[in-house]
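A.B. asks: If you want the building blocks of each chain, they are given just below.
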Amino acid sequence: MYSFDMIRRAVGKTLGFVGYTIQYGCIAHCAFEYIGELVTCSGPSMQPTITNYDVVFSERLSRHFYRIEKGDIVIAKSPSDPKMNICKRVIGLEGDKVCTSSPSDIFKTHTYVPKGHVWLEGDNLKNSTDSRSYGPVPYALIRGRVCFKLWPLEKCGSLQESPNGRILRDD
Amino acid sequence: MQGSPKNPEQKIIKRVIALEGDIIKTMGYKNRYVKVPDGHFWVEGDHHGCSFDSNNFGPVSLGLVHARASHIIWPLNRWQKIEPALPMDRRPLSDWRDGSTADKDD
Chain H
1 MYSFDMIRRA
11 VGKTLGFVGY
21 TIQYGCIAHC
31 AFEYIGELVT
41 CSGPSMQPTI
51 TNYDVVFSER
61 LSRHFYRIEK
71 GDIVIAKSPS
81 DPKMNICKRV
91 IGLEGDKVCT
101 SSPSDIFKTH
111 TYVPKGHVWL
121 EGDNLKNSTD
131 SRSYGPVPYA
141 LIRGRVCFKL
151 WPLEKCGSLQ
161 ESPNGRILRD
171 D
Chain E
1 MQGSPKNPEQ
11 KIIKRVIALE
21 GDIIKTMGYK
31 NRYVKVPDGH
41 FWVEGDHHGC
51 SFDSNNFGPV
61 SLGLVHARAS
71 HIIWPLNRWQ
81 KIEPALPMDR
91 RPLSDWRDGS
101 TADKDD
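Those sequence lines, one after another, are chains H and E.
The C-terminal residue of the first sequence carries number 171 in this note's numbering, and the numbering is unbroken.
The C-terminal residue of the second sequence carries number 106 in this note's numbering, and the numbering is unbroken.
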């Protein structure tokens, strides 16, 4: 037989627990939405920079403050399937000239990235579906910028620059 | 309601006219007929003459959708539920979804 006191204490503790869960849930949600998140990458399109099952940290602040730059690796929503995410490198920002032909082509073709869009390419050019197939990607689809790799531990640290000479810089 | 493809800071509110796979006749777009690609949709403003919509910037990626406009709450004399309705002259040419009427709201 339970006394009224015991029931009152149990209900109080449960409500307290629920309250803490909601508080931490809200803080976690805000952190993931506005600060950064951990992402497990799959697929060969960013080799050798990022390989299958690598875990990276992607920060959201650059995207919200429009500080994504050429050469950054970004996580974006896939333009052809909004439920999937893609991890590619930014080759050109709006107004930049990008090369649409492959390195093996004899005649090089170029295009300019339209306003409000970015040109994304994977580091593994031979095995990557990117802007070369689906065109420039709207900036608003970008979720975050990958700033460092957390797993595997022996490759932990910041990510290397683009191994291909695809970024056209006018220095 | 969706992020604008031309200006990432701006949100625009338009009606969804066609979904992926539909073929529609455009009004003032570079191609007369467009098949909406996978993962995209076609949006138009209700005031066709002066609307900056898919007839200007083409099909929009579904990932840019922010929310669906369900009600008008201000001014109070225009309070109403926004019903999904597709104008008769803007129906897609191919309706391959069995039995469904391709009318949606955004």
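Incorrect hints may appear among the rest.
Derived pair list, reagent style DSSO-like, types lysine-lysine, alpha-carbon separation capped at 30 angstroms [as the list claims (entries may be wrong)]: (1) H:Lys108 with E:Lys30; (2) E:Lys35 with E:Lys6; (3) H:Lys108 with H:Lys97; (4) H:Lys108 with E:Lys6; (5) H:Lys108 with H:Lys126; (6) E:Lys81 with H:Lys97.
The hints are simulated quantities; they were obtained by calculation from the structure and are not laboratory data.
A.B. asks: A separate judgement is required for each hint: does it hold in the structure or not?
C.D. replies: A quick look at each hint next to the structure:
1. H:Lys108 with E:Lys30: OK: H:Lys108 and E:Lys30 at ~25 angstroms, within 30 angstroms.
2. E:Lys35 with E:Lys6: holds (21 angstroms)
3. H:Lys108 with H:Lys97: Holds. H:Lys108 to H:Lys97 sits at ~12 angstroms (cutoff 30 angstroms).
4. H:Lys108 with E:Lys6: Cα-Cα ~27 angstroms, so holds.
5. H:Lys108 with H:Lys126: Since the Cα atoms of H:Lys108 and H:Lys126 sit roughly 17 angstroms apart, the hinted pair holds (cutoff 30 angstroms).
6. E:Lys81 with H:Lys97: violated (46 angstroms)
Hint 6 from the earlier list is the only one contradicted by this structure; the remaining hints agree with it.
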